[in-house]
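Participant: Per the numbering used here, the very first residue in the sequence shown carries number 173; after that it's consecutive.
What the hints contain is simulated information worked out from the structure, not anything from laboratory work.
Any given hint might turn out to be false.
Here are the simulated lysine-lysine pairs, DSS-like style, with alpha carbons at most 30 Å apart [as the list claims (entries may be wrong)]:
| hint | residue 1 | residue 2 |
| --- | --- | --- |
| 1 | K281 | K226 |
| 2 | K231 | K210 |
| 3 | K210 | K281 |
| 4 | K231 | K281 |
| 5 | K210 | K226 |
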Amino acid sequence: MQDQDASISYAAMQILLDLEPSAIQSALPALVDILNNKCIEHGENAAYVIRALKPQDEKVVQALTQCLEQHKASPILFVGTLEAIGPAAINAVPTLVSLFEEGEDYTNKRILEALQAITGQDFGLDANQWLEWWEEQQ
């Protein structure tokens, strides 16, 4: 799955999606390893497969959050994967809020949708309100 050629990595991830859910689940540690060690090269492919699994696993959330911090220029797939995980991705809230940027309407809309799915709250694009809420939860 960590082939140097991105097209081979992508093909491997597509094959994983065609397997039974239990087989995909058994690949989760390898997918997390890719997120932790090869995020720039293969992280989007791994996130794509993880999104289908919707795992309730803190290690997955930590790895996705780390990738988000590395991929600030292209966060949409990682944001969508955290949204799919839902409330189990609660620890990604501060990172998601830090990604709000003026002028990036589509990105901000996707971040907001993820925050709503994860928290059940809606503070719009007000980063300060999100962070205040986060502090109250700690």
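Participant: Which of the numbered hints above does this structure break?
Facilitator: The structure conflicts with no hint, since it agrees with every one listed earlier.
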